[in-house]
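Trainee: In the order they appear, the protein sequences are chains A and B.
Its first residue numbered 609, the first sequence is counted upward by one per residue in the numbering used here.
Its first residue numbered 52, the second sequence is counted upward by one per residue in the numbering used here.
Some hints could be false.
Unchecked claim - Examples of chain B residues lying across from chain A (beta carbon under 7 angstroms, computed):
id : residue
1  : 82
2  : 114
3  : 240
4  : 241
5  : 245
6  : 251
7  : 253
8  : 254
9  : 255
The set of hints was computed from the structure by calculation and includes no laboratory data.
In this text the structure is predicted, and so the values were computed from the model without any measurement.
Cβ atoms here follow ideal geometry from the backbone N, Cα and C, with glycine treated the same way.
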Amino acid sequence: MQFGIFTVSDITQDPTTGRTPTEAERIKATVAIAKHAEEVGLDVFALGEHHNPPFWSSSPTTTLAYIAGQTTTLQLSTATTLITTNDPVKIAEDYAMLQHVSDGRADLMLGRGNTGPVYPWFGKDIRQGLPLAVENYELLHRLWREDVVDWSGKFRTPLQGFTSTPRPLDGVPPFVWHGSIRTPEVAEQAAFYGDGFFANHIFWPASHTQRMIALYRQRFEHHGHGTAAQAIVGLGGQVFMRRNSQDAVRDFRPYFDNAPVYGHGPSLEEFTQQTPLTVGSPQEVIDKTLGFRDYVGDYQRQLFLIDHAGLPLQTVLEQLDLLGEVVAVLREEFEKGRPAEVPDAPTHAALVRAKYGTEAPRQATPNANRGDNLTVGSPYQDTATVDAPANPAGSAFGPAAIRQGATR
Amino acid sequence: MTAKKIIVVSAGLSTPSSTRQLADRLAADAVSVLAEHGTQVEVQTFELRELAHDITNHLLLGFAPPKLETALDAIASADGLIAVTPIFTTSYAGLFKSFVDVIDPQALTDLPVLLGATGGTPRHSLAIDYAMRPLFTYLHAIPVTTGVFAATGDWGGAEGDGVRSLPDRIYRGAKEFAELVERTDRSQLVNDPFQLDRPMGHLIGGLAGE
């Protein structure tokens, strides 16, 4: 099981001091947080994507690539990558790049976003949110699995003989999680492809999460990827800890009361009762987190939100120290009674093993002197040349012209 | 035969309130009309005053605290809704609209609704038709043609405004409402927001449906 943190990249005033960090400070602070996450023994750092202030993370792969260069074991992910408004071609390229520079430590979580105007800013219609997510992901999925893609759809310009470069590291695409709070179609999408499903889980009651995960598991089995227990599940969580429970409540309350999402709404006590938020001692966090398993089953990835609402860097680093201790216990406890059939969290190494066994994985090497993918055979040396008639009737030419539909 | 489920929502702010009184009378007449036809009824009443904080929290957070969720679930699976609000500054009370705003937009489809409103003078009585009715037709509910407005003066003389007394109007609205409630089977239908309506084959198109 993997444990880590996720951040939304908000730049929020510290309500106890009235000070708001600059963008530059907050960006550097996030890098420091990611590095410290690795130091305290966490596995994953996931970064959100936003295109409006007061958020800074508009370009997640740039940030994650830098963090990759500063770390050695940390798995880098997103929370979330906007599958609706980003061009799937650019996602394919960016995250394959991230895979290469991070030596396979990259995956990503797709979501539809929560800021309405992002759609028109990027030339999209919010009413088409779900169809965009479906069509864009279908294309992204193919771009990582087929060297040459012919494609046409409703939402972007068609592709003829397009190759997304670089090819995924070792011929294995980055693992994809799909995130949604309460859209059953997204759970279905994750299940259909045999991808992971991540439940945000932090601002909503556990009953929502329970229903969505149950649906995803059932559909995962339906689509033939394994048993329901073998589906790949991730959960969010939100914690604030001090050694003593009372200190945690006292110190976190001003941040809670003014937080961008839930501030000025319910009381801290109501909110901790109704959602997975835990404010208390490390032991309380351990107990509450272990309880998640009771309603979603054994799962693969647990991410915590610890750095939002104006919490200063120093406090967040202290939280990480405590979280490191908590996670050491959680690792042991989650292992207990975990059925053998429940898979580990997907890593690049595991995906390579699953695809190639003991054989050497693919190393894509392009053919020389190619300005296009259309003239002859495959653009890569190792890919079987398509048996193309010299001039297939009624087509352009080359393999792109004669490909028979998509393979999945 | 299972009993019909009628939900009463009162947005009166004081306790006791004339809004609640109107709501209770509308419910009582509806129940007695249905009883005359041999139809059993369960009535559940929600005072929005008691849910006001929950409604605000739902607006801010996007999910319903437990007490509010009970009310929302009850409405989603009701056979009829009696909705009564005071008229403030030319329209329904803000609390009433906030409550309607947190109802799932699909949850009122085909729901028979009896509209009622209270106000200081009969001059506001058209607020039922220019404010409340479009709200419910937008949500594809079925408000009956008679809406019942009770001005302060209506609680006095039985003649009311001299045309039709308040009890007459209550009965007329309740009768129209009861007839629709009798015919619907909404409470027997499963209304599950987590249900998957469109499997992937349909979503993607071009793939074989399942």
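Trainee: Does each hint hold? Answer for all of them.
Mentor: Here's how the hints hold up against the structure:
{"no.": "1", "hint": "82", "verdict": "violated, 33 angstroms"}
{"no.": "2", "hint": "114", "verdict": "holds, 5 angstroms"}
{"no.": "3", "hint": "240", "verdict": "violated, 18 angstroms"}
{"no.": "4", "hint": "241", "verdict": "violated, 14 angstroms"}
{"no.": "5", "hint": "245", "verdict": "holds, 4 angstroms"}
{"no.": "6", "hint": "251", "verdict": "holds, 4 angstroms"}
{"no.": "7", "hint": "253", "verdict": "violated, 10 angstroms"}
{"no.": "8", "hint": "254", "verdict": "holds, 5 angstroms"}
{"no.": "9", "hint": "255", "verdict": "holds, 6 angstroms"}
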